[in-house]
Amino acid sequence: GQSLEQPSEVTAVEGAIVQINCTYQTSGFYGLSWYQQHDGGAPTFLSYNGLDGLEEKGRFSSFLSRSDSYGYLLLQELQMKDSASYFCAVRDRSNDYKLSFGAGTTVTVRA
Amino acid sequence: DGGITQSPKYLFRKEGQNVTLSCEQNLNHDAMYWYRQDPGQGLRLIYYSQIVNDFQKGDIAEGYSVSREKKESFPLTVTSAQKNPTAFYLCASSIGRGGSETQYFGPGTRLLVL
Chain C
1 GQSLEQPSEV
11 TAVEGAIVQI
21 NCTYQTSGFY
31 GLSWYQQHDG
41 GAPTFLSYNG
51 LDGLEEKGRF
61 SSFLSRSDSY
71 GYLLLQELQM
81 KDSASYFCAV
91 RDRSNDYKLS
101 FGAGTTVTVR
111 A
Chain P
1001 DGGITQSPKY
1011 LFRKEGQNVT
1021 LSCEQNLNHD
1031 AMYWYRQDPG
1041 QGLRLIYYSQ
1051 IVNDFQKGDI
1061 AEGYSVSREK
1071 KESFPLTVTS
1081 AQKNPTAFYL
1091 CASSIGRGGS
1101 ETQYFGPGTR
1111 LLVL
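Chains as they are written, first to last, in our numbering: chain C, 1 to 111; chain P, 1001 to 1114.
No lab work stands behind these hints, which were simulated from the structure alone.
Among the hints, erroneous ones may be present.
What the hints assert, rightly or not - As a list, the in silico DMTMM-like pairs of lysine to aspartate or glutamate whose alpha-carbon atoms are at most 20 Å apart:
(1) C:K98 to P:E1101
(2) P:K1057 to C:D96
(3) P:K1083 to P:E1101
(4) C:K98 to P:D1059
Here the structure is a predicted model, which means the values were calculated and not measured.
For reference, chain C alone in the conformation it holds in the complex:
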């Protein structure tokens, strides 16, 4: 099966940088995705890493190290609207390429 671990909560001030770590265990790792979900809303896609390294997308970047079974999402120049839950998800080729989600990290941005 698959298992993912990420911190449950992170609090930071506006303008700060936050790193959300995700470690995973899966037998047929194919890629790591990140989704954002505001309270009561639908998850929206943020980024995908299929290869090792850093993917930069504006204020949000994502990193993957397949040898360490580890990735992170980096949120820069935090804004109040970034207060949300962030989920990492792995796709497993041995599990019909289905996505398995972590429990989510709630990010709270303070003024």
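With the hints as your guide, set chain P onto chain C.
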């Protein structure tokens, strides 16, 4: 505008009752999914479909049923066999089930038991 719609936004179920959640997409996506989300938890896959008239069980399919008679529609029935149905249900779609493909989510249906 293309997107995924789910209805109703809130649904109440009585003891022993089957209820059906609607999911429609006009993105021309082949793959569709149903997830269940409980408070403070991630998304768990109930059922998924990669093509019309075909679907597979996810990780928590017991007490649920689906159909995929049209590409645009993937309704989920929560049967009376599901003893703990209170949750937030999310429908999603993607172009295919390939490794890097993004899943697009609907706004969700919150199911409550009376």
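Now for the hints, and whether the structure bears them out:
Proposed proximity of C:K98 and P:E1101 is supported: the alpha carbons are some 11 Å apart, at most 20 Å. For the suggested pair P:K1057 and C:D96, the alpha carbons sit about 11 Å apart, so the restraint of at most 20 Å is met. Taking the CA atoms of P:K1083 and P:E1101, the gap is near 33 Å; set against the 20 Å cutoff, the hint is violated. Our distance criterion of 20 Å between C-alpha atoms is met by C:K98 and P:D1059, whose separation comes to about 10 Å.
Figure legend: structure checked against the earlier numbered hints; the only hint not met is number 3.
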